[in-house]
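We have chain A; now place chain B onto it with these hints.
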Amino acid sequence: MKQRLALFVPLGVFLLLSVLFFRGLFLDPNAMPSELVGREAPSFDLPDLLAPEQRVTEAVLKGEVTLLNVWATWCPPCRVEHPYLVDLAESGIPIVGVNYKDDTDAARDWLRDLGDPYIRTVIDASGRLGIDLGLTGAPETYLVDANGIIHYRHIGIVDDEVWEQTLKPLYESLQ
Amino acid sequence: MVPEVGHFALILALFFSFALVVLPLLGASSGNRLLMLSGRSLSYGLFVMVSISFACLVYAFVTDDFSVAYAASHSNSLLPIYYKVSAVWGGHEGSLLLWVMMLAGWTLAIAIFSGSLPLPVQARVLAVMGFISIGFLLFMLLTSNPFDRVLPIPPADGSDLNPLLQDIGLILHPPILYMGYVGFSATFAFAIAALLTGKLDSAWARWCRPWANTAWLFLTLGIALGSWWAYYELGWGGWWFWDPVENASFLPWLVGTALIHSLAVSEKRGLFKSWTILLAIFTFSLSLLGTFLVRSGVLTSVHAFANDPDRGVFILGFLLVVVGGSLALFALRAPVVKNAPSFKWTSRETLLLSNNVLLMIIMITVLLGTLYPLIADALNWGKISVGPPYFNLFFIPLMGIICVLMVLGPVSNWKRTDPKRFVRVLAKPWALSLVVGLLFPIFYAEGYSWLAALSVFIGGWVIIGSLGDMWSKMRSNKSLRQGYRQLGLSYKGMIVAHIGIGVTAIGVCLNSLYSDLRDVRMEVGQVVQIEDWGFRLEDVYRVEGPNYIADEALVTVKHKDRFYREMKPQKRRYLSGGNIMTEVALDPGLFRDLYVAMGEPVSENAWAMRVHFKPFVRWIWGGAVLMAIGAGMAVADRRYRRRKSAPKKAAV
Chain A
1 MKQRLALFVP
11 LGVFLLLSVL
21 FFRGLFLDPN
31 AMPSELVGRE
41 APSFDLPDLL
51 APEQRVTEAV
61 LKGEVTLLNV
71 WATWCPPCRV
81 EHPYLVDLAE
91 SGIPIVGVNY
101 KDDTDAARDW
111 LRDLGDPYIR
121 TVIDASGRLG
131 IDLGLTGAPE
141 TYLVDANGII
151 HYRHIGIVDD
161 EVWEQTLKPL
171 YESLQ
Chain B
1 MVPEVGHFAL
11 ILALFFSFAL
21 VVLPLLGASS
31 GNRLLMLSGR
41 SLSYGLFVMV
51 SISFACLVYA
61 FVTDDFSVAY
71 AASHSNSLLP
81 IYYKVSAVWG
91 GHEGSLLLWV
101 MMLAGWTLAI
111 AIFSGSLPLP
121 VQARVLAVMG
131 FISIGFLLFM
141 LLTSNPFDRV
151 LPIPPADGSD
161 LNPLLQDIGL
171 ILHPPILYMG
181 YVGFSATFAF
191 AIAALLTGKL
201 DSAWARWCRP
211 WANTAWLFLT
221 LGIALGSWWA
231 YYELGWGGWW
241 FWDPVENASF
251 LPWLVGTALI
261 HSLAVSEKRG
271 LFKSWTILLA
281 IFTFSLSLLG
291 TFLVRSGVLT
301 SVHAFANDPD
311 RGVFILGFLL
321 VVVGGSLALF
331 ALRAPVVKNA
341 PSFKWTSRET
351 LLLSNNVLLM
361 IIMITVLLGT
371 LYPLIADALN
381 WGKISVGPPY
391 FNLFFIPLMG
401 IICVLMVLGP
411 VSNWKRTDPK
421 RFVRVLAKPW
431 ALSLVVGLLF
441 PIFYAEGYSW
451 LAALSVFIGG
461 WVIIGSLGDM
471 WSKMRSNKSL
481 RQGYRQLGLS
491 YKGMIVAHIG
501 IGVTAIGVCL
511 NSLYSDLRDV
521 RMEVGQVVQI
531 EDWGFRLEDV
541 YRVEGPNYIA
551 DEALVTVKHK
561 DRFYREMKPQ
571 KRRYLSGGNI
581 MTEVALDPGL
591 FRDLYVAMGE
601 PVSENAWAMR
611 VHFKPFVRWI
621 WGGAVLMAIG
631 AGMAVADRRY
641 RRRKSAPKKA
651 AV
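Keeping their order, the protein sequence lines are chains A and B.
So in the working numbering the end of the first sequence lands on 175, straight run, no missing numbers.
So in the working numbering the end of the second sequence lands on 652, straight run, no missing numbers.
No lab work stands behind these hints: they were computed from the structure.
Source: prediction; values computed, not measured.
Each hint can be trusted.
In silico lysine-lysine, DSBU-like type, Cα no more than 30 Å apart, as pairs: (1) B:K415 with B:K428; (2) B:K268 with A:K2; (3) B:K344 with A:K2; (4) B:K344 with B:K199; (5) B:K478 with B:K492; (6) B:K420 with B:K478; (7) B:K473 with B:K420; (8) B:K478 with B:K415; (9) B:K268 with B:K415; (10) B:K344 with B:K420; (11) A:K2 with B:K199; (12) A:K2 with B:K415.
Bound-form chain B, shown alone:
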């Protein structure tokens, strides 16, 4: 009964979203206030219906209702309760429902928080959100209904959630990543509404910015969580693989980053308007493309769990309507600039433009690398896959240039900057980071690495330079404290986020340069020595978990001949599916991780083991957390809420 309620609620949600498209749009074109206002209540209705539906699916999982086909194939009565809940989005149908749930949530948020928008704009924004819901709801109801039953004879037990997904990282990763993906639907809706009304002013950009920043915040966290999960769960010790699905989440991040910067120019200077609109369309299109790539099985990947041409054709059709439609609208309606306000070479506009151009170049190279195998196959050039060397070749130098320019942006002024200003503010940070960079390899390890010096220099430049800019802005006031108070929250957020980039850059580079990875055969009693660290395999024995049995290795770690700790990696066999999984033993640290994973047994008492020493690996995700905090600070800036009451009064 409950699953049928869920199914029915989903159908009602579809009706709500149809109404959400038609009524507010009719209202906006005829100037009918009542119809325009209906958008808000319809958004509530849509949210309630999708929530009921989602709750019903959760209920089916928690109560082990294996007559629901989706639950039977993704859950198991032995699963702990929290994995039963997260198993709801462990497969195709459920993760789509989660997508729609997020979309309804964002629609509701727009309906609640956009009171300051002129009514016709709000109505159109909500209608666009409704249109996106229609697509996803139809997709679910027609091709991937999570409430399908196995009747009359339901299976006695479910076939279990993929053990790879039985993990805290994977409980959180999809919802947060989807928050990011779906969040860019808000800026997309704003962009389409702007094209429809033809009103593209700085007020428009100001409305967009908090939404874009929020979406970017979640996307950043989602990607970082995914990378962290891959690091400790897949047992290879890597944290980024340039896998198509990873790229699918990274592409919207790149364009989204360009978007939040270009929005700044559009708000403050009224420039790059069409470009900003285009970026808003691109960002959401790439989110949809990500969904298409993952869900259709067009590209093979460890992540892709649906491989069904019917679904692919539907998503492609939907993509064609949404992206093709919005790009056509853009081509017809985007403003053609007649006489743009001018700006000089040394202006902030130029720097932000170069940020955008570089990010777009990176995006295009990553997109090409991701799609090239598909293009080659479609054109019968044979099966090709593009490996990490290709991505690194472009990504690392371009990112380096971005890092160098990133510090100049906040220092510069709109229109034009006196070059002397750059020197005055940044000469000391430049010198300081240069010294730190050059000295670092001497003290850190034997053998001087110029690449390490360069990476620490560039990463340090971003961190120290950003702080230097903040320092100079604080100092221009009477007291430092007052100077600090006078800086806006969004400015501080930007500084924090930029520092995050520097931290991540240092983490990525030093980790790649200094990691010591040993994949060795270890017998009981044998020691593997990595610098000061000695790893001794003491014993291998059997342990039992709630839904698996495992071989566990006991490894004692010594640091400079002093006992440091025990590490216990496992090789698990899950009872229901017979899947084998490695459970990595980690000793995390601010400057290094120790990483031990079990491989296959090689002989009677010898095992293949991975013993890794990973310097600065935490910095990679720590930087991402800083970026997210920075984005959060920018969203919280009062500047974006001040004008809330005024237009409302005017409307009444």
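Bound-form chain A, shown alone:
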């Protein structure tokens, strides 16, 4: 009898594994939690893209819930993402842009031609802010609350699905 019971061991191990697989199916392997979630956004002091003589600091993120969007003209997905950001801005969502390691003239043309969804855009020519944010690539979008605390990081394009299912609920809960 004991021997018969031992024969059930492989079945048990397998069933246990399947539970893990089942959970694994609904996890997104691309979701990368950021070290920065729950912490204050890194401080910066960078020139404004449209008025380079002005300096912009992390204070721009404070006061209301804001999206911080990292973009560049050399990044094709950013071009895909851009019209949706314009829509978001029109519906009243404040977005701060970080023009990451880019040609500033091309970036200005881009905003002029495609519309400017950002309340302010800073020039991160050296990529220093990108390092502080732990950027993996462009585009990336951070959700920052009124006190300047980062609550979420999204890698890749923000589209209707990402906004409606992930960002918007968080955005509203932080209001």
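Frame of chain A, contents of chain B only:
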């Protein structure tokens, strides 16, 4: 019209496989001969239907029918014809159809070649094969139909086959690998049929062995091809990455290797029967698991091209039914051994058992390493990935022990071996490989490497020791020639396969120890010197291919100041998708490869280049080819066909 025919044939194939499960099983339980015999004709029907379906998909690709969504996303009118055909299995839907095609082929092969089986066993084996087909056909028809149309407005041109897959290695790799994966469905079916009938004798093991060896042959070749492809196509110069998808093919190989050895004990000594059954179930389960891991997107990997929870849930459900069901059947029906025939410490049984235990330990460590990121994520421990150091830490020493024991196996006798026998046969090979191992680093390179000495010693021990055993068996006869003739083909096959392991082991170790890898910035006119070899970048210019444009570098290679050859690596940009691909320039050799790959342009006339010197890298795949040849020889052994006619007469 043609795609609809293909779709319809697939649906008919599903009906055939339903019938293939139900009718022969009914026949086997009621003893109805006619119903049992129906299994054979139904297998033919299944094969014909799946073939029609497959041919229709090939037709859609070859004729550039981009109204078929799958063709539109994986092919392009500019592709050369052979890539159009191989593009059929370049994506999820098509590779599933290839899987089913292979499965139908194996089912047909069983129906044709298993005439010597008792009819009820054959009927049950075919029914199990039919059951597996049902799962895969349903999966295709419900979640991934390759014949879906884009109507009413089909795209003007397809979006092209992933350029990584536009390559001879990738034309062959999936079909051969799948032959291996699917091949283990045959041993699985035999195991389930044995559990259902409760008949587990040495005849059962004898039927299984050629099927297991054939599947193992293909799996070995498939893995080697994949590794070769990664080596020259990915442009990193690596040949094994412990990537989840690679592991997914390696896991069934490990258990499959254990299975073919344990089958030997079950056939010859009637021992380890339950264990063998369990291994047969494991091997196929791991093949299915491999499919699940690759197809569901549970683990991220360079290979995974489907990332769809619906599909994942289906495969998991199917896995649960097949693996869970068969393990439950195993738990209920496997024979509990009452009084086992005894064997001594020094017996062949012990050695084969240790082979099995070691292979299972390796399998479990690789499985854990592969699944650990998933487990950690599921339990909210955070995102972790386990790197090559973990795998190497376990794999290399354990494999070393296997290599040392591997030579003892063929020398030993069943039940018990006189230790003096080991000494008599193996003392000389041991000494010889020790000397070769110790001397090798002195003559091969500057600076003595003890690890190189150890690897050559162990690899040489496997090769020389195996030959030594064959020598001693030949010598016991009147003449050597007669002695050679008297050795069975399966014995010679085993020796060849073992030598293959030794060759691969030497290749892997020496390649890791002595490779010289330079990732450098090179300006036109600059020279990179690796030992006696000088690589000079002469020029970079533009060339055009059928569906790409490329930057090509001209590199002249000098050996000891004498001109040796030109090498022309490329950086290709594919026109349809804009994908960038490196095309490596290789100078292959028995003892070393020269490897030049282009990286990114660094400035106006400077490029990042990879210039690698890779000793013994061909041995890695050469050994795998020897293993496959060995397996083929074992399959061809007449011993497994002799009894063909007798039971047939009895049945008539």
